[in-house]
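Grab the two chains, each in its own frame, and use the hints to assemble them into the complex.
The lines below spell out each chain.
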Amino acid sequence: MSAPELVTLTIDGVEVQAPKGLGLVETAQLAGIEIPVFCYEPRVGPPLGACRMCLVEIEGMPKLQAGCTMTAQDGMVVKTAAASGKAAEGQNATLEFILLNHPLDCPVCDKGGECPLQDLTFRYGPGSSRLSFAKRTLDKPIPISPTISLDRERCIMCFRCTRFSQEVAEDGQLVARNRGALSMIATFEDTPYRAPFSGNVTELCPVGALLPIQYRFEARPWEIQNVPTVCGLCPVGCNVSATTREGKVKRILSRNHPEVDEGWLCDKGRFSFPHLRAADRIAEPLRRAGRRRLEAASWDDALDEAERLLRASGPRTVTALSGSESVEQAWALAKLLRRGLGAHEAVLPEAASDALDAYSLPLSAIRDAQLVVVVGDEPVADRAPVVDLWLRSARRNGAEIVALGPSTESAAEVCRGLAATELGARLRETERAILVWSGDGPQGCLAALAGELGLADRPGSGAFYLPRTPNGRGVADAWAAASDEDPGDAEIGLLIVSGDEAAADPHVRALAEKADAVLAIGMFSEPLRGWVDLVLPATSYLERDGTTMNLEGRLQRQRRAVMAPCPDETAWIAKLGERFGVEISPYPSLLFEELAAACYPGVSYEGIGERAGLPPRAAASPVEAPAPAREPARAAAGFRLLRYTPLFSGPAVERVPELQFQRPAAEVELARADAKRLGIAAGDTVRVSHDGSSVELTAHLSRTLPEGVVRVAREHAGELEHDVEVTRA
Amino acid sequence: MPETRLLLKGAGERDLTQIAEYRAAGGYESLAKARAMEPQQVIDALLEANLRGRGGAFFPMGRKASFLAAGPPRYLVVNADESEPGTFKDREILFSDPHRLVEGCLITAHAIGCEQVFIYIRGEYHAEYEILRAACDQARDAGLFAGVAIVLHRGAGAYICGEESALLESLEGNRGQPRARPPFPAVSGLYRAPTLINNVETVATVPVILATGAAEYAKLGVPPDSTGTRVFSLSGNVVNGGNYELEMGTTLRELIYDLGGGIPDGRELRAVIPGGSSTPVLRADEIDMPLDAQSAAELGTMLGSGAVIAIDDRACLVQVTLRIAQFYMHESCGKCTPCREGTRWVVQIVKKIEEGRAEPRELDLLLDACDRILGKCLCPLGDADAMAVAGFVNKFPEEFRAHIEHGGCPYGGASSVEGLLAPIALHWHDPTTVELPS
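First to last, the sequence lines map onto chains A and B.
Add 190 to a position in the first sequence, counting from 1, and you land on the number used in my numbering.
Add 1439 to a position in the second sequence, counting from 1, and you land on the number used in my numbering.
Bear in mind the hints are in silico, worked out from the structure with no lab data behind them.
The structure presented is a predicted model; accordingly, all values stated were derived computationally and were not measured.
Just so you know, even glycine gets a beta-carbon here, dropped at the ideal spot from N, CA and C.
Accuracy of the hints is not assured; some may be wrong.
Only part of the chain B face toward chain A is listed, based on derived beta-carbon distances under 10 angstroms [to be verified]:
no.	residue
1	P1621
2	T1782
3	I1788
Cβ-Cβ distance ranges computed for the label pairs, FRET-style [what the hints assert, rightly or not]:
no.	chain 1	residue 1	chain 2	residue 2	range
4	A	T611	B	R1620	42 to 52 angstroms
5	B	P1849	A	P382	51 to 61 angstroms
6	A	T894	B	G1510	33 to 43 angstroms
7	A	E621	B	R1620	30 to 40 angstroms
8	A	T327	B	E1707	44 to 54 angstroms
9	A	P448	B	A1496	41 to 51 angstroms
10	B	V1626	A	R893	29 to 39 angstroms
Only chain B is shown next, with the shape it has when bound in the complex (with noise of 0.2 angstroms):
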């Protein structure tokens, strides 16, 4: 199945981030039919289009949206702050299709009534910021904006303040950490007031929806749940790595190889994580799932941010898990207990294990640890790492057990990991000093 671009329409083919090029192409015509319209008609359009999250979470933005307690004021917040590793569809829209974004902001702000957006970027993200300003101002100079303002704040490196609550919390110049909930965002938000939080993604499909009309949308993807499309950030080892936009139901098989090329070198491929480092990882055998919600639920996965990383025959899942489990310890904020201990003694069972000097009873000992983690935390980062890290061990036991009866890593020196994920040594810089893409 080609792609199907709706979201990243004509990106690539023009240069979308002058206001006339997206007006060309028929940009900003969905802020005026939705001017147009009754805030609620704009609220039931994306309710019968079924817009689902794209952040991670999957819930109905609609839904959400009714939620809001009643303002003024209302706060529309755009989460930016994409940090899931293997996720840069938000950066492709940031980046090349930034009207999109502002249009579907200026969209949302009339369907609920708010007169102040605000978009949390990634800090490292410094090339999208600038373009984003930048197509901020062009569509203000064109008096598109009708009294809202749309202030954006760029992140300084935490992965927590993804997090809607942390990132609230931040927005708001305290320390990244989750609240406590309820109160839900919708009721008591940004500065008490209601607040509707979506991911860039979502917040981009809007106009999408308004421009293809919502019952049209809905028959794309996989109805009722998974409808339209989703950006799916394809890496690790694969021929071409990049962003494809694809009706839901696209199966991973075809992502991987038609799209993306397959393994190279010749190499087979061994395992998937199918989106974002923290949904549970698949074996190569199960790659025929259609990437829709239903069918990653049935293999006991998730769609997460879409972030697709394939995984070859050359690397060590340990050495894999290990990277993961670095990760969310780095990146646990350090509120809640679970998270904050159990993250970093997960990681040095997984090292233990890697550097064989763990026991048999220790592979039970990580599962058990993995599962007074989940569901016990203040935030789903604790989940993210719990899962992540017991769905490499249920899938890949012999890997695991291999490395404790072995004594050490089966692959000796052979194994490579490179590309699939960052060392945990990346993980300390500097904002600031990140390179530019050119």
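In isolation and in its complexed conformation, chain A is listed as follows (with noise of 0.2 angstroms):
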């Protein structure tokens, strides 16, 4: 790509360099100089010129221009407010159309202090109003969801919502509605605002017409503080603000990372944070007294009976890891297990790996990408939300997607040989083409390929594995650089739970069968009656400090946006320590220094700063793809079962009443042509069975599905795995 060619401009007597082509807003910009905007939003798609907000006055153009769809060209000479009286009074009569029917009840808002539209009035806006009529008024508000409501009468129509739901999340779900002044924003049909990507329209809104109901009278701005942090829910990582007032979470923002998350959030990051004050939260230590009971114990009677589990177990201690939990703890507990004790039997959450170092690149690069090939069985919307909008904007500029999964085959078949394909040779050929895994599974694999199709030779091009877990790679990292002995195979003695995740996984209350004794790190109480002997609190990621890796390989800091109920779990495991010889530091800066210089040389804590960069490449070597493991054969008339965690789901989702309607119905996906031939019709209940155990669900027609293949979201799908009958009802 050639650099644009410069052009000189005078904006406001200044003279400007700009590449040619540049919006005059960015261009103005490079000057200091402002052209206020309502609608102009670049990442919602092409400049719209509807709000009027920017006019200026152009040389040679006899009426005032919409600044927000001109270009800079060479000799142009704009005026802006400030320097054309023109101009001045054309955006004062914006306002005065915008306000004219606008409540103005700012004092009662929740964007009052925050608002666009409160700033661009007092800085160019009228004083006063000459409407002698009464305001328009209608039903307010309106809940376009359970997450969202819609203020009609404050709405100032500039379209970024609507653009954001069907050019950006290409949802199609928010319309306009009518015309003139009798245009309204609406969903379509009036159905429920229902998408992954809802919540982003109330920070797009430069108006008080789209709000977070959460948060709804909740917080002044003057009383609120912003903490910078990190999502902790999935691999993403999507950079956020936590606005809290009085100590408690009150909403969650985004902060602009343009290389990972662009500015967007899912609705389970945004939405999701009341899960902090979930009426089975855990503040304190609890001890089973009976069967399903958990009493409150003291932390002193806690730490002592740890010590005495611990103990009496000694090496044939096994943890179950969560990979939600940060950097730091994962090290702080891997140093007291495996330094302290020998423990060294870890249950990961998934397999974790840097084979795919040597091909790393930022999300952003998706954008850019010529082609982007998908394996995997899972959606990347439920796996690693924003990667679906890195991925729609690709399509948008012109990228071919090929999505190769889901398949009949398992994604690590479709990869081996996918190199000897068409396919595989125009990968080769592309200069900038991705790879991306959706799914579990040997990443492995995706490195060999990667290194056939040379992939960690061009910049722009590169693979993605999309993990299961936030920081199931950082968890992995510490615990590996903890100890270098291998893990004997005696006898499970206590097994720890670490982290809500781990506790729900069916493998790990197996393996709690066996034990003799478990003790949870968990944040809620529920899930862990009748079968942990003991619970020592947990703190969620908006409470904590600490690093977490994302699925790029980008360690990024996560801030403690408010005190947790409890104390950090590097706290206690520091005291533990003490008393096994092991000397562990509370604190996450010191405790990161330590694994950083075993695991990642050259990274400081305060380096990493607010907006983490994306480590350089590593070398490539040869990998090996792993032999893909043998699934077992199916019966002929059997389907292959793809059981996928929704975005919706998970402890945090789980707790959330405003989130309840997120989460999909009991429905099993089948393809169009295996329903016909089934004689099974959309909405019918079928029985989905294997080897006796069954469940029933409904039939959901999808038009995405191979044949053969059938999908269920993993809490509908009850015990079965891999391979499945599929019945009418």
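So, in structure tokens, the structure goes:
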């Protein structure tokens, strides 16, 4: 890509050099001059020119022009409101018209104080209204979903929300209805706005029209603090600000990291924070007292009990990790257990690997790619939601997106044969080609394929593995760094369950059956009743300092937004460390420096910064593709069952009532052809079964699934795995 | 001055909806002539004839065609969404002379190297749509299309879709709202391809120019700018309303009195809207204005879509203004702020004046509101509202002041605006249930 031609133009008497074709709003910014805007938002598509806030005078043009739709041309002479009475009059007129029917209910508006309409009125608007008629009134607020309310009186029809819905998330659910002064934003046919990214419209809205219901009447902007941190609910690690008031999280906002999230968040990341105040949140240690009863214990007693359990089990202690721990928590725990007890056996949430470090690139590279191949069985939006938006933007930019999954073959099999196909040849020849693996499986297969295709040598090309857990890689790194010794094969003594996700994992529960005792570190008590002997309270990612590694391999800093109702895990791990003669710091910064010396050379805790960088690519080394795990042969009439973890699932989402509408129904998705063959119509109840166990689900006919596979959310799949039969119930 | 029938030549005497009749009257000879010419020669002829857009903007068609970015594809879009109040000239062409338009489409397609022509026809024009469809079928069956496809697309009842970029949006299946320009349709139009958009009358004039000869055509009317003929739609308080094809330069007086038979029932002419409801109104003493662009500009108005509406002395001009303002409020698409909010505010103020509740300063407020809409909108709809309303206030300030001073309409109940534009209630209709003309 060659550097664009530079042109010189004059804005308010200041000479500016800018690349030819740069938007006038940005060009003026280069000169430190503001062209005010409402509807202009480059992230939601081409400029609209609708609000007329950006009117400027351009020499040689008789009428005022919308600055947002004009681009820098050589010799252009532009005057903004600061230098042109005509432009100032135009902007003043725009604001007068906008405010004619705007309710001006700023004192009770949640946007008040952080509202572009207030700010621009203050700077460019009229001081009084000349309207002598009753303002237009409408029903308000209207909940367009359980999480978002719409106030149509405040709406200024900038179309940012509808453009986001149609051109970014491509969910097509927000529309403009009617015309003229009766124009209004609505959801399509008034159905709830149910889509993974809906909450972004509350941040795009430049007025108080679309607001998060959770934040309604919760705070005024002068009594809040926005804490810059990183979302800990999926492996993308979107940069967020946690808005806090009086020690409570009130709202999550995006904090645009242009390489990671471009300022978009999924609704899980945005709206899940009330889980911090869930009814069954654990604030103090709990001890099993009776079959399902847990009773509070003092910290002294709890640490004594923990020491007793650890001493009794010693190296027979097995640790199940969630992958939602911070790097520092995992490191502290690994030091305690591996160095203090010689307990090397861990159940990691997923296989982590550095095999793809030679093909790493920022997520934003997807937008600029020419060819993207997605393999794997799980929907990208469920596994790493914002990646779905990057793929959509790539397609809009003209990239070809090839989805090879889900298929009747495993992703590992698909990767194995790919290099030799016509598509493989194109991947090899395309300058910017990217592979994405969305599902569980050996990353080595993907690395081997990327190696075969020579993606390491092309800067815009690379490969992403979308992990299942937010920080599985960081947790695995920390665990591995604590010791080189291998676990023995002794019987399990104490099972330590770290985190609520591990506690919900059926494999971990099966392991607990075999253990002498179970110690859990968790946030929520309900799921721990009846099988855990000692519970130590856990913190959320919003309540602690630490680092986390996202799917790109980017280490990012999480900052404590609010105090947890309990001490940090590292505080009591450090105390226990003393009892076992291991020196463990309670401070994340020191823990990180220790670990970094072993794992992340050259990275300092303070150096990570608010918008973390991506480490340079590792040198490529040949990777042997691991032999794909043999799946059990299917019966002739059988289907390959794809179980996926829905975006709206997990311990946090389960505890937020307003997110329940987003959870998937008890459905089985199947291909139309299969349904036809089996005499199944959409909405029928069908039985999905294998080997005596079965579940009854509603049939959902899919346009995208291939024949021979069916897909069910994990929470509705019961005990079924791999291979099932489907019949009408 | 009598009518000069070039475009509507033979219409009314023969059934020109039938291809045989049209051919018998010399139809499709221009097409053959054009196809024997180089495309650029056809465009040169349009430039020489100085054919200007008859939809209202009066932009030279040949120049617009020269701006087209390289294809393929290139598209020709014909704007048959005629909706400006008072305008029914395209309807006449579609109804009684459809082959002229089809021939114009095929010649223009040849001139700009395009294979797909789209005709966007007003949804309420049901009979005209059927007639045009039949004409297309006849021409196609006669082998005249030569690889060109003509797509007829019916509108759904929005005035704004007569604005060229909103028309393109609608044609693409989107909400009918104007696009920001640049890019202009000649560079990025329908489906982002270079697109030439012209009005029905303009395109139908293309075969006329080739038949007459560009140089001859350019001598008609008022050269150099207002060459040739235009079809004027005369309506309102006149004896013989209807369409009249006139050489440009004919005066309004000739149109209204000689051809239109004057004002009925011996009443006096009070005002004339010269070019569709959006053009600034003229007083009765200004009707010696020749109907050409220059003369209109000198009087601060425009020929617009060629719709002449005569208003007699029974009509309360504030009521007429209100009808016009209500039309634009109703038809504002809602995309840009000044039009969406301003057209409604203007209606509120005019209504307040008509009802006698306004204070004197509110007349200034009305003019200021118009001024704040004018030139600040995304498309010309807001300008149309502002120009029309301000035009009435500026030409007839005494009428507005009388309402304010009198505390109500000075006509009492005696005013009649019957036959002058439609009341707001009539705008609310379902285009699918409009009665067809027999």
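Now the hints, each set against the structure:
Because the smallest distance between the Cβ of P1621(B) and any Cβ of chain A comes to about 7 angstroms, under 10 angstroms, the interface hint for this residue holds. Here the hint on T1782(B) is kept, as its CB sits about 7 angstroms from the closest CB of chain A, short of 10 angstroms. For I1788(B), the shortest C-beta to C-beta distance to chain A is roughly 8 angstroms, which falls under 10 angstroms, so the interface hint holds. Remark: the range hint 42 to 52 angstroms for T611(A) to R1620(B) is upheld by a beta-carbon distance near 46 angstroms.
Judged by the Cβ atoms, the range 51 to 61 angstroms given for P1849(B) and P382(A) holds: they are separated by roughly 55 angstroms. A C-beta distance of roughly 35 angstroms is found between T894(A) and G1510(B), which places it inside the suggested range of 33 to 43 angstroms. At roughly 34 angstroms, the beta-carbon separation of E621(A) and R1620(B) lies within the given 30 to 40 angstroms, and the hint holds. Hint check: T327(A) to E1707(B), Cβ distance near 45 angstroms, so the stated range 44 to 54 angstroms holds.
Look at P448(A) against A1496(B): about 42 angstroms separates their beta carbons, and that is inside 41 to 51 angstroms. Distance hint for V1626(B) and R893(A): a CB-CB separation of about 36 angstroms, consistent with the stated range 29 to 39 angstroms.
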